[in-house]
Amino acid sequence: MIRFSSVYKAYPNGAMALKDVTFHVSKGEFVFLTGHSGAGKSTIMKLLFGEQRPSGGEVRVSGYNVSTLKADDVPRLRRRLGVVFQDFRLLEDRTAEENVAFALEVTGARTDTIAARVMRVLTQVGLSAKGRAYPRELSGGEQQRVAIARALVNDPAILLADEPTGNLDERATRGVFQLLRDINNGGTVVVMATHDLDLVRQTVYRTIEMRDGSLVYDSDVDEAAAEAR
Amino acid sequence: MKLLTREALLSFRRAPLLSVLSVTTIAFSLFTVGLFGLVAVNLRAALRGIEERVEIVAYILRGTPAETIAIATQDISAFPEVSDVSYVSEEEALRQARAELIEFRDAYRDLQVNPLPASIEVRMKDGHRDAATVARVAQRLRGFGFIDDVRFGREWVQKLDSLRNLTGLVGLVIGLAFAAVAVVIIGVTIRLTILQRAREISIMRLVGATNWFIRGPFLLEGALKGLLGGLLSLVLCYAGYVLFRDNSGGTLSGLIFFQPMQMVLIIVFGILLGLAGSMVSVGRHLRHV
Numbered sequence: 001m002i003r004f005s006s007v008y009k010a011y012p013n014g015a016m017a018l019k020d021v022t023f024h025v026s027k028g029e030f031v032f033l034t035g036h037s038g039a040g041k042s043t044i045m046k047l048l049f050g051e052q053r054p055s056g057g058e059v060r061v062s063g064y065n066v067s068t069l070k071a072d073d074v075p076r077l078r079r080r081l082g083v084v085f086q087d088f089r090l091l092e093d094r095t096a097e098e099n100v101a102f103a104l105e106v107t108g109a110r111t112d113t114i115a116a117r118v119m120r121v122l123t124q125v126g127l128s129a130k131g132r133a134y135p136r137e138l139s140g141g142e143q144q145r146v147a148i149a150r151a152l153v154n155d156p157a158i159l160l161a162d163e164p165t166g167n168l169d170e171r172a173t174r175g176v177f178q179l180l181r182d183i184n185n186g187g188t189v190v191v192m193a194t195h196d197l198d199l200v201r202q203t204v205y206r207t208i209e210m211r212d213g214s215l216v217y218d219s220d221v222d223e224a225a226a227e228a229r
Numbered sequence: 001m002k003l004l005t006r007e008a009l010l011s012f013r014r015a016p017l018l019s020v021l022s023v024t025t026i027a028f029s030l031f032t033v034g035l036f037g038l039v040a041v042n043l044r045a046a047l048r049g050i051e052e053r054v055e056i057v058a059y060i061l062r063g064t065p066a067e068t069i070a071i072a073t074q075d076i077s078a079f080p081e082v083s084d085v086s087y088v089s090e091e092e093a094l095r096q097a098r099a100e101l102i103e104f105r106d107a108y109r110d111l112q113v114n115p116l117p118a119s120i121e122v123r124m125k126d127g128h129r130d131a132a133t134v135a136r137v138a139q140r141l142r143g144f145g146f147i148d149d150v151r152f153g154r155e156w157v158q159k160l161d162s163l164r165n166l167t168g169l170v171g172l173v174i175g176l177a178f179a180a181v182a183v184v185i186i187g188v189t190i191r192l193t194i195l196q197r198a199r200e201i202s203i204m205r206l207v208g209a210t211n212w213f214i215r216g217p218f219l220l221e222g223a224l225k226g227l228l229g230g231l232l233s234l235v236l237c238y239a240g241y242v243l244f245r246d247n248s249g250g251t252l253s254g255l256i257f258f259q260p261m262q263m264v265l266i267i268v269f270g271i272l273l274g275l276a277g278s279m280v281s282v283g284r285h286l287r288h289v
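Residue numbers (my numbering), protein chains in the order written: chain A, 1 to 229; chain B, 1 to 289.
Next comes chain B alone, as it looks inside the complex (with noise of 0.2 Å):
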């Protein structure tokens, strides 16, 4: 185990420029994939609290009697998709616009009836606020008989939807490319320190060294380069984050970095792209010593 950390490190020593060349394609890589992933975390944070707010609007035709709005909102708020449901009266209806609607506050006091419909209020449970969803219990909801009309931001749920879509999308693509970079490069310096060692292993080889032994270095070289590169691209995450944070005239202040587990998520993603270059570099050239 001494023996294989040793010459592990070796490698640091006998190469000094690729393997600097290495961990930083690894941290480049894994920072323009931190990048992407710290906009899809804030957009996702942001849009957690614009979800929220989605909810469906049914109006009621008036003269409904009052049981059976209570029946149809008790049946409602059974509905799977449905968190709460709330109803609001002619008057209540017509205080809330008072109270929002300043401009028109004159036009409303000095009305004689009060020209506002009553409404059920339907608020959509986590993970049910998708387009589909929400215009699927619209037209539920459209299905009752004292219901006279249904509004609900779709145009609003669906581009947030595709929005957040994207952000993943492009975030996977440009990760998997500089993934690819790097696992390139890993094997370039693995293929490098393994024709310049050649002789060595097949020295190694001849006195009997087990494959693992003879391949358990270059594996660790490659998830330690992973490991280094890994910690790096966190390190320039975070101080792009505290730039964009500190620039931005307290527009961005709310901005959050990542969470412990997925920071730990980015290493493990580094060691693992360091790995997967010396193994493929290893399979293909040691054998050829």
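So that you can see chain A by itself, here it is in the shape it has in the complex (with noise of 0.2 Å):
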């Protein structure tokens, strides 16, 4: 689902934000990318959903070629992924219902199909009940949801979550987790990006740490070196 081969990513002013960065992400897998800031999981994330262009090596992600990608297939990858952040990028001026409805009618689905679907990922997020509250009248936590909900709305293969959980409190992020577990549970790809180590020691899943721009451990190979010796 997910292919970096050897990526290099410079920034203008010339610093590497990633070195020779290789790793595979099959599908079904839940993988944790650890780091400081600064380390290069942002960079990777934005890499992943062609907001940006690796300066060297490739970059697939569910079929494209990120490093190739026309300005006219960023959309169209997009859609096939879902994202979060930290900051939940709600509508304040629009419902919970709304909020998730945008992201199908902005992207030309059938008028008459969403509010069957916008019910079905509120649901499966635990909002139903609070489809037609404001943002503000949400919890961190539930906001949170929401975004979920809404990048889960068009069905993705792979969800890519930025510090999902960076502005919630201990009971909110446990809920937001195995909110994330469910939904990889189903079958999606999901790489979550966090410096919250408590959260990631806590589970067997894959983990990736970045240092410096650099990836420094991979639970998946090193674990793998381990064993043969």
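Source of the hints: derived by calculation from the structure; they are not laboratory data. We put the beta carbon where it would ideally sit given N, CA and C, even for glycine. Some hints here could point you the wrong way.
Stated by the list, open to error - Simulated restraints on C-beta separations:
| no. | chain 1 | residue 1 | chain 2 | residue 2 | range |
| --- | --- | --- | --- | --- | --- |
| 1 | A | Ser62 | B | Leu169 | 53 to 63 Å |
| 2 | B | Ser202 | A | Arg136 | 18 to 28 Å |
| 3 | B | Ala198 | A | Arg136 | 12 to 22 Å |
| 4 | B | Ile256 | A | Tyr134 | 26 to 36 Å |
| 5 | A | Asp112 | B | Leu169 | 22 to 32 Å |
| 6 | A | Glu137 | B | Val188 | 30 to 40 Å |
| 7 | B | Leu272 | A | Lys70 | 24 to 34 Å |
| 8 | A | Leu91 | B | Val170 | 48 to 58 Å |
| 9 | B | Val188 | A | Ser62 | 34 to 44 Å |
| 10 | B | Val181 | A | Gln178 | 54 to 64 Å |
| 11 | A | Val216 | B | Ala198 | 35 to 45 Å |
Claimed, not checked - With a cut-off of at most 25 Å between alpha-carbon atoms, the simulated DMTMM-like pairs for lysine to aspartate or glutamate come out as follows:
| no. | chain 1 | residue 1 | chain 2 | residue 2 |
| --- | --- | --- | --- | --- |
| 12 | A | Lys46 | B | Glu200 |
| 13 | A | Lys70 | B | Glu91 |
| 14 | A | Lys130 | B | Glu200 |
Take each chain as given, in its own frame, and dock them per the hints.
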């Protein structure tokens, strides 16, 4: 589903955000992306949803080659992905329902199917009763659930979550994380960038650790190597 | 499509003052262009009447045989620039002079000998009435041996020419200046809308809305404002036209308004102005959202 091959990313000021990063993510995986801020987690995320292009190497996501992606193909790639962020990115002047429906409206979904699809994902994230609420009337955890519902409404193959629990208290964090696990259990690939190491240690999911733009640890590869020894 | 129109119309509600401002700027720019256009249209209509009378008169030497004149007349009427040629005999010239120059009627009546020469009057075809062509044909007429003198309203023709060119030029320059202002104002309005909606646009991008889907409403908004501006300018032009026509004490009662085709052209021009403004702005600012 995701294939990073010797990926480099240099910023215009010359700083190297990524140095020779290689990893694969297969169908059905849940992957943690960890590291300090500035280690390159966000850059990897931006490459994954076509916000940026690699300076070297190849990035493949769900059949698209991001290195050579045309501007017209970026929307197509994004319709196969769901993306959530630390700051939720909801429209304050729209209700939860309208925020989710927005993702369908602007991608040209058939109008008569929108209401049902919105209800389905809101139910999936446990907010079927709060569809009419505005973001300011919802808790942080609930707002993030709306954002996740919006990310899911187009049935993405991959869900990208960039610090999704960064603004949440412990209880909300657990709830959102459980939701992401449920989504992964349904077959969706989940890539979650986080620096919440407690969360990472609680689970057995694959972990990729970044430091200063380099991949320094990949639990899959390193454990396989350890076993081989 | 429904969503597109809704989004485009929403901007009028979001920023009513700016929307009114951009519509009126377009209207005013087109109004100015339109007024000059009206002057040009009317001037041209007036000139056409004058132009049709542009002619060359070639006076014929006394004693030229009638056959020579008849053959020459045929030759001249075969010139590509010439629409028709008429022969005015000495007697006819005298008759015309008596009829037209009433002050001298008595003098002409008492004449024993006719002092007026016979002449050939040459009328030019439409599109060949400019100064250069008229002078060229006159020169060619001088080449006939029996022709004594050639007269034509050279200065008249030249003045008509330059007046028409000047009107066109002034209209064009002022029109362009106002069009530029209109494009800038539309651009600023759209820029403000884009900044106002930056968050919405970035989310649209994130969930995979196509570029055209994001641009569509802004372009439609610009085109709509152009359309409204064009319509408003026609209303203003018509008001101006009626005002001039009815307050001229009858001297301008023959004033004409635009043809339907010309009105459509003004509206189309308005739409293009609106589109140009929004395209420039969308191209420059949408990228940074």
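Each hint tested on the structure:
no.	hint	verdict
1	Ser62/A <-> Leu169/B: 53 to 63 Å	60 Å, holds
2	Ser202/B <-> Arg136/A: 18 to 28 Å	20 Å, holds
3	Ala198/B <-> Arg136/A: 12 to 22 Å	19 Å, holds
4	Ile256/B <-> Tyr134/A: 26 to 36 Å	59 Å, violated
5	Asp112/A <-> Leu169/B: 22 to 32 Å	58 Å, violated
6	Glu137/A <-> Val188/B: 30 to 40 Å	36 Å, holds
7	Leu272/B <-> Lys70/A: 24 to 34 Å	29 Å, holds
8	Leu91/A <-> Val170/B: 48 to 58 Å	50 Å, holds
9	Val188/B <-> Ser62/A: 34 to 44 Å	40 Å, holds
10	Val181/B <-> Gln178/A: 54 to 64 Å	59 Å, holds
11	Val216/A <-> Ala198/B: 35 to 45 Å	36 Å, holds
12	Lys46/A <-> Glu200/B	19 Å, holds
13	Lys70/A <-> Glu91/B	87 Å, violated
14	Lys130/A <-> Glu200/B	22 Å, holds
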